[in-house]
Amino acid sequence: MSGAPLLEVDDLNVTFPGRGGETHAVRNASFSLGRERLGIVGESGSGKSTTGRALLGLIPPPGIVSAKRMTLAGQDLRSLSDADWQRLRGRRMSMVMQDPKYSLNPVLKVGAQIEETYRLHHKSAQGEARKRALAMLEAVKIRDPDLVYHLHAHQLSGGMGQRVMIAMMLIAEPDLLIADEPTSALDVTVQNEVLRILDDLVTDRGMGLIFISHNLTIVSSFCDRVLVMYGGRIVEECKAGELAAAKHPYTQALIKAAPSLEHPVAELAVVTRDPAWLR
Amino acid sequence: MSIEITPQLPPPGLSLGPSLSLSQWLLSDAPASRRQAVLGNGYRGLLSILANPAALVGLAIIAALVLIAVLAPVIAGFRSPTGQDLGHRLAAPGAAHWFGTDELGRDIYARTVHGARVTLTIVMLVSVVVAPIGLAVGTTAGYLGGWVDAVLMRITDIFLAFPRLVLALAFAAALGPGIENAVIAISLTAWPPYARIARAETVTIARSDFIAAVVLQGASTVRILFRHIVPLCLSSVIVRLTLDMAGIILTAAGLGFLGLGAQPPTAEWGAMVSAGRDVILDQWWVATIPGLAIFIVSLGFNLLGDGLRDVFDPKST
Amino acid sequence: MSASSLLNVLWRLGSFAGSLLLTLLGLTAVTFGIGRFIPVDPVLAVVGDHATREVYDKARLAMGLDRSVPEQYFLYLKKLVSGDFGTSVMTSHSILSDIVQFFPATLELSTIAAIIGVSAGVPAGVAAAAYKGRWPDQLVRIVGLFGYSMPVFWLGLVGLALFYGRLGWVAGPGRLDVGFEDIVTARTGVILIDSALAGEWEVFRNAASHIVLPACLLGYLSLAYIARMTRSFMIDQLSQEYVTAARIKGRSFWGAVWGHAFPNIMVPLITVVGLSYASLLEGSVLTETVFAWPGLGLYITRSLFNADMNAVLGGTLMVGAVFIGINLLCDFLYKVFDPRLRAA
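Chains as they are written, first to last, in my numbering: chain A, 1 to 279; chain B, 280 to 596; chain C, 597 to 940.
Hints were generated in silico from the structure; no laboratory data involved. Hints are not guaranteed to be accurate.
Said to hold, decoys possible - Beta-carbon label-pair distances, calculated as ranges:
#1 A:T189 x B:R506: 46 to 54 Å
#2 C:G761 x B:Q363: 23 to 31 Å
#3 B:Q303 x C:G851: 48 to 56 Å
#4 B:P543 x C:F633: 23 to 31 Å
#5 C:E650 x B:P543: 38 to 46 Å
#6 A:G45 x B:R323: 22 to 30 Å
#7 B:H367 x C:L763: 28 to 36 Å
#8 B:A491 x C:L618: 45 to 53 Å
#9 C:S715 x B:L369: 34 to 42 Å
#10 B:S312 x A:G45: 30 to 38 Å
Stated by the list, open to error - Keeping only pairs whose Cα atoms sit at most 25 Å apart, straight-line, the calculated SDA-like set for lysine to any residue is:
#11 A:K109 x C:V853
#12 C:K675 x C:M862
#13 A:K109 x C:R898
What the hints assert, rightly or not - Just some of the chain B residues that point at chain C, by a computed CB distance under 8 Å:
#14 P442
#15 L444
#16 L446
#17 A453
#18 G457
#19 T567
#20 L578
It should be emphasised that the depicted structure is a prediction, and the values quoted were computed from it without experimental measurement. Ideal placement from N, C-alpha and C gives every residue a C-beta, glycine not left out.
I would like the entire structure built from these sequences, with the hints used as guidance.
In structure tokens form, the structure reads like this:
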């Protein structure tokens, strides 16, 4: 399904020096990604979001990122200059963030924000960028692109805002999309719509997708493969369909903890943490 | 496979160990009495301030100010701040007069030291006037709500929009010179921000359950305001007061510079700067040194106020 | 613009005008109160200690002091509205004409200082926020801290002693050297403009050399406040997710700072600049005394020294009205221009 790997990560480590010592946010993470969907599941503090940001070079100082290997289609991501990053971000790899209330600029029109991504990577006339932005709004199933173009972020509902976010991040046609909790801030009814749109776009364009979430159920149904992170480490890697046969006790506990309509239980299972998992 | 719930808290009783040092007692996570909790909070606040070097400098400056003011005669070496020596007018700083002498031959060092008393007096008096007024207006408005709130806040907003210095000037001009009049003049325009702060806090607190409980117990409005609401507003008011202190000192010095406020022969820093105006080009020390004192004290309050705000209220601008 | 948003704007405009009027009324009540309740007998101030009982009574009637306080206040308001602020003991002119004569000098100085404050303060604040924790930040913070801990009159004196007395880089107190006065007819009252319009470049240069020191010192105080507030606003914005989103799109760091974060602080920044300008106007009472600058501030303090309470109150009223006007205008603009509040 994958072909040549799009993204290769070997022994990624992210540490944050602090007053009380170092915080090791990501430890020895290794994985690869083709033009497929990889889910990264974990709880808060597991390092999943940090991994995503490290891939985009967005770990702020004093954080330190190191890896034996971190390449996107052969391009080494480890010591890029600012100019290199500007060329790469948005155009080759991109990220959809969690809450459009905060990830869209409040004082600019949303249409202009979508256009901006295109303009940063293509020298085009004013009209061309706007056409593309409107086309992108249509692609994310927004019914009245001309109207929505001129709106501001606070005038959009959660679902619309997230679709604008997707439009903004996919307009320059990146090869890799990292979705960091893209549906966590949305109502359940809206979540499925947004996931469907993401599904269509990623499939149509043959992109690689990293789907970061704390929700194992969504990830297992949406993605081809799943990584489970705990305490900064990847503790499980398997195909989405084979989760039931997961080997690591944490994954097993997560699966057990998910409530099911088909098999209701009197008491929900709670994850028992084994400190051995952190070593 | 059995499911166990692992307790996350340490077992109780750990904080009641026999050999507990004072700081451990203050910092314990499970205070056993209200006094312990209050003292613990104060101690944590103190530690945060002490960890902030800028705030520490500010605290040191203010402590020095208080010390100098209280022990003024001693620190001035028992030199008189008002004794004139017309034979040695406008002497340069030297061994005999550390900061030189002014146009009437008075020792500037002694005058600067004694001037600390005036400054501290004004600062304390203004605080003592302004904080209670602000708290009274703000808590009443916030708690009673309705038209009382509307009227009081309207008045507060009107006073808030007034220019502080110019109105203090007009008041002091009308009331006449003197420290008490200067204090009144400054207080009349300085109280509104405290009313606003107190009201904002009161509005949040008034809805809480413990106030409802006290009301059900039959407490009168005055008692509720006084014993329950005001103490909770105090920390914000104190932070704001410290931040405003620098501005109050500058305003008071400005009034002194214009001849209002403390009158000769009392040594007041603003008035001393004014006296040194005419000779600034040749005898720079007469005006520069008292002004430096104003600057340092104002700086001290700003530093401490910034530090306090970082500790108590990191989100406010 | 739809009917409802037009109505919205009109409503806001109306409530702004209402606030302004109410606050100005409050100010007049305060100045009236000061004037009426001072310990000095106002009648004696006019007729002198040796007036006879008859003259005293006549003057008292003429001043309307036999009426009730609310009536007196109403008369006072009537006079103000018709432009009668009283007569200055010091200049013997009508106080209003004095104010009109002296105000432009204050405006000139405050405006130039405000321009300096904004053009230096805003970039400094942005740089401090962008380099938070590093030396540009520390520098801006220290410079700013010094700025608003300094008494303006002391800074002025020290500046004069240093840059005029010792170094001779700038001209001394006053607006013009004695030889240059009365060459240019006062059309706007702002010498820099008038002399430029008349082509009198010698006068212009002289005026500039007089204004540069006070304007720079006041500009420094203004920039201290503006830089601090700008830094604070920018730090808030730079920690927001939309700035990271801009970087993800491929925007450079400074592109994100100026193109995304900065537009978000423009509205509160307007308020800050307005407040700074208002406090420059207010501080003129001290600055102009030090620099012998013939503006409204000096007029007020000179009247003070001459015990001319009417002039003091008239000047206070003027400065107060402008101060209040700027404050409330900034409040109003803030509500109008924030798109988040616009829709609410």
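So, going through the hints one by one against the coordinates:
In this structure, T189 of chain A and R506 of chain B meet the distance hint of 46 to 54 Å, their C-beta atoms being roughly 49 Å apart. The supplied range of 23 to 31 Å is met by G761 of chain C and Q363 of chain B, whose beta-carbon atoms lie about 27 Å from each other. Taken as a hint, the range 48 to 56 Å holds for the pair Q303 of chain B and G851 of chain C, whose Cβ atoms sit roughly 51 Å apart. With their beta carbons about 27 Å apart, P543 of chain B and F633 of chain C fall inside the hinted range of 23 to 31 Å.
About 40 Å separates the C-beta atoms of E650 of chain C and P543 of chain B, a value consistent with the hinted range of 38 to 46 Å. As the Cβ distance of G45 of chain A to R323 of chain B is approximately 25 Å, the hint placing it in 22 to 30 Å holds. Distance hint check: the CB atoms of H367 of chain B and L763 of chain C are about 30 Å apart, consistent with the given range 28 to 36 Å. With their beta carbons about 35 Å apart, A491 of chain B and L618 of chain C fall outside the hinted range of 45 to 53 Å.
Checked against the hint of 34 to 42 Å, the C-beta distance between S715 of chain C and L369 of chain B comes to roughly 41 Å, which is consistent with it. Distance hint check: the CB atoms of S312 of chain B and G45 of chain A are about 35 Å apart, consistent with the given range 30 to 38 Å. At roughly 17 Å between alpha-carbon atoms, K109 of chain A and V853 of chain C fall within 25 Å of each other, so this suggested pair holds. As the CA atoms of K675 of chain C and M862 of chain C are separated by approximately 41 Å, the hinted pair breaks the 25 Å bound.
Restraint check: the Cα-Cα separation between K109 of chain A and R898 of chain C comes to about 54 Å, which exceeds 25 Å; the hinted pair is violated. At a threshold of 8 Å, the smallest CB-CB gap from P442 of chain B to chain C is about 4 Å, leaving the interface hint in force. Of the supplied interface hints, the one on L444 of chain B holds, with its beta-carbon coming within about 5 Å of a beta-carbon of chain C, less than 8 Å. Because the beta carbon of L446 of chain B sits about 7 Å from the nearest beta carbon in chain C, less than 8 Å, this interface hint is met.
Nearest Cβ of chain C to the Cβ of A453 of chain B: about 4 Å, under the 8 Å cut. The hint holds. The criterion of a C-beta within 8 Å of any C-beta in chain C is not met by G457 of chain B, whose closest approach is roughly 11 Å, and the hint is violated. Look at T567 of chain B: its Cβ gets to within about 6 Å of chain C, closer than 8 Å, so that hint holds up. With a least beta-carbon distance of about 4 Å to chain C, the hint placing L578 of chain B at the interface is held under the 8 Å criterion.
Of the numbered hints stated above, those contradicted by the structure are hints 8, 12, 13, 18, listed in ascending order.
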